[in-house]
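Colleague: Residue numbers (full-length UniProt numbering), protein chains in the order written: chain A, 1 to 263; chain B, 1 to 435.
I should point out that these hints are in silico values taken from the structure, not numbers from a laboratory. Some hints here could point you the wrong way.
Chain B side only, calculated, beta carbon under 8 Å to chain A, not exhaustive [claimed, not checked]: (1) S242; (2) Q246; (3) W422; (4) W432.
C-beta atoms are modelled at their ideal positions from N, C-alpha and C, and glycine is treated no differently.
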Amino acid sequence: MSELLNVPTMAEFMAQGKQPEVLFWVGCAGSFDDRAKKITKAFVKLLHKAKVEFAVLGTEESCTGDPAKRAGNEFLFQMQAVTNIEVLNAYEVKKIVTACPHCFNTIKNEYPGLGGNYEVMHHTQFLKALLDEGRLTIEGGQFKGKRITFHDPCYLGRANNVYEAPRDLIKKLEAELVEMKNCKRTGLCCGAGGAQMFKEPEKGNKDVNVERTEQALEVKPEIIAAGCPFCNTMMTDGVKHKEKESEVVIMDIAELIANAQDL
Amino acid sequence: MHYLPNILFAIALIIGAGYFAKHVKKLIRNIKLGHDIDVSDNKSQRWKNMAMIALGQTKMMHRPIAGMLHIIVYVGFIIINIEVLEIIIDGIFGTHRIFSAIGKPYGILIGAFEILAVLVFVSVIIFWIRRNIIKLKRFWKSEMTTWPKSDANIILYFEMVLMTLFLVMNATDAPFQDMNSGNVISQFIAPWFGSLSESTLHVIERAAWWMHILGILVFLNYLYFSKHLHILLAFPNTYYGSLKPQGQFDNLEAVTKEVRLMMDPNVDPFAAPAEGTETETPAKFGASDVQDLNWLQLLNAYTCTECGRCTSECPANQTGKKLSPRKIMMDTRDRLEEVGKNIDLNKGTFKEDGKQLLDNYITQEELWACTSCNACVEACPVSINPLSIIMDMRRYLVMEQSAAPVELNSMMTNIENNGAPWPYNQMDRLNWKNE
Ligand code: SF4
Ligand code: SF4
């Protein structure tokens with residue numbers, strides 16, 4: 001299936017001598033992971049709907065270096081960071097939005113010390129701002145009255161104190177937002193952070209994502225909302241492990257909003 | 001002979017304070033073994049944090065039961081110590097209840113102390129029950145070996161005894177009971193001693209008085225060996241605690257320098273160092289021992305109360321992995337103590353002992369189990385950051401030892417070659433838009 005999306009690049013904007021309103025940092029998962037690509041597209045559709053002039057770096061984008069840094073490889077991280085910052089600064093980027101909390105945290109907090117200063121927003125914050133400015137309307141549609149629980153990504157929540165933007169958006173869907181026993185500042189990790197995504201877990205008696213999925217299933221949601229491509233994968237695996245995939249789906253906030261209006 | 005008690009008291013005081021000063025000096029020396037970091041920014045926010053977190057105990061209230069009990073013991077501890085001031089003056093000058101000269105307010109003050117003493121006593125009993133009878137899980141994790149468990153109980157017994165002595169001292173103080181002001185609790189204890197002669201009563205009162213003050217001096221000197229050190233160190237520790245977002249990890253400066261050199265086309269990497277520049281010994285990346293950490297991380301280790309809030313929130317620990325952030329802090333302190341003793345024995349310089357924090361205390365298995373989720377940092381009531389130590393040790397493993405797990409090595413190779421943690425080509429990064 002191919003539905004051609006209009007996704008302009010920074011290079012194209014530059015060629016026309018224009019600056020987009022915001023740079024959409026897609027991230028590695030958003031670019032390559034099959035599940036995360038759907039989130040990327042949902043977000044792009046919302047950007048178009050709200051008539052946001054955005055651009056991506058496309059093939060000029062490279063890993064932020066987050067997994068390398070959390071694995072302890074500061075060298076590789078800084079090489080990645082310095083390279084990315086060179087590209088971003090050459091395009092005079094001012095504002096960045098991303099659907100990945102890891103990219104968000106790294107660019108927002110760790111790039112400034114290496115010469116990269118930008119206004120960085122997580123896509124839930126950005127969507128919330130569009131809503132507040134009246135550029136985007138959110139309807140409940142198919143999600144009206146649905147039981148939805150939100151899993152806080154560590155790098156959005158505790159790491160950067162963003163707890164409300166995603167919740168405000170869910171409430172706008174007129175859905176029933178239910179909280180897990182561990183949420184917000186005590187939210188349990190999905191198990192992917194700190195480069196765990198890329199390795200087998202150490203010996204223990206359970207996988208972290210299964211533990212977290214059990215916490216989510218306790219509140220009997222129809223949908224587990226996520227705000228991070230890695231959490232999405234981990235929770236999806238957890239639900240499969242509990243053989244509940246026919247009852248519970250995992251969806252990114254951007255997908256919820258896009259699907260609600262049949263985008 | 002008349003002055004003998006005063007002299008004995010002064011000697012006890014000098015010995016107690018002297019030993020304490022010695023311990024404080026050692027503490028500062030050990031903490032300074034860590035390398036320097038700059039914490040001179042934003043003083044007003046730092047004072048605020050200290051006032052809120054250490055003085056105001058805001059983070060303790062996230063767990064309301066323990067939080068309330070802790071506040072009672074803490075407030076009791078501070079306020080009842082005003083009484084110690086009177087004891088010291090009385091002890092040195094041979095006076096008796098010198099502050100009673102202020103009249104009625106004295107009664108109110110002592111009355112408040114007595115009520116607090118009972119509240120503290122009851123709270124401490126509940127703490128003891130939580131640890132020893134209910135056996136709350138976080139007090140029985142594997143790093144809570146014999147000594148940490150005994151340490152916690154010793155502190156509780158100390159407080160029970162001190163509070164009892166305080167009340168007995170008041171109850172057997174005949175002139176004080178005659179004043180009948182401020183003896184809100186002790187008036188009910190006094191009848192227990194009713195059958196005793198006045199002189200026996202006086203002996204008991206003096207004994208309680210002496211044991212109370214000597215107990216406090218012993219307690220003061222016990223701190224250095226105990227998790228109870230937090231009653232002092234919580235203050236500097238919350239003051240110096242990080243003000244940055246928890247997700248922000250420091251960028252290693254030594255690495256920045258090298259990366260800049262590598263990326264700068266104008267620098268000839270094979271050029272001889274310019275005349276006059278000293279050849280720096282290359283910095284060690286990351287930490288394998290306590291001296292590689294910074295002093296704030298070492299202060300963190302001494303401040304840890306071993307409460308286990310961090311560990312009980314840790315996703316790795318909850319799912320049965322070996323990692324426990326509390327153990328990271330306890331190991332760091334134990335190793336630092338070992339290094340300190342080594343320095344004492346070797347006249348002020350550290351003699352290689354073939355041990356280090358990595359492997360001898362903290363295993364690689366623990367380090368690799370961390371998801372860097374910050375739950376431990378968020379949970380800690382005194383602003384300790386176990387994650388920063390874990391990260392520094394991972395840095396050592398990866399950058400000095402190339403000892404990352406195999407899968408992580410291939411992830412990093414992918415980033416290096418393709419700009420993504422998976423083996424996809426950077427040129428395909430925008431393919432999604434047409435799929
Ligand atoms: S950051 Fe690491 S040590 Fe701390 S709670 Fe999370 S997994 Fe455990
Ligand atoms: S690090 Fe903090 S939370 Fe963990 S045991 Fe020590 S004091 Fe408690």
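Colleague: All hints, please: hold or fail.
Modeller: Hint check:
1. S242: violated, 12 Å
2. Q246: With Cβ-Cβ at 5 Å, under 8 Å, it holds.
3. W422: Since chain A brings a Cβ to about 6 Å from W422 (chain B), closer than 8 Å, the hint holds.
4. W432: Nearest chain A Cβ about 4 Å off; hint holds.
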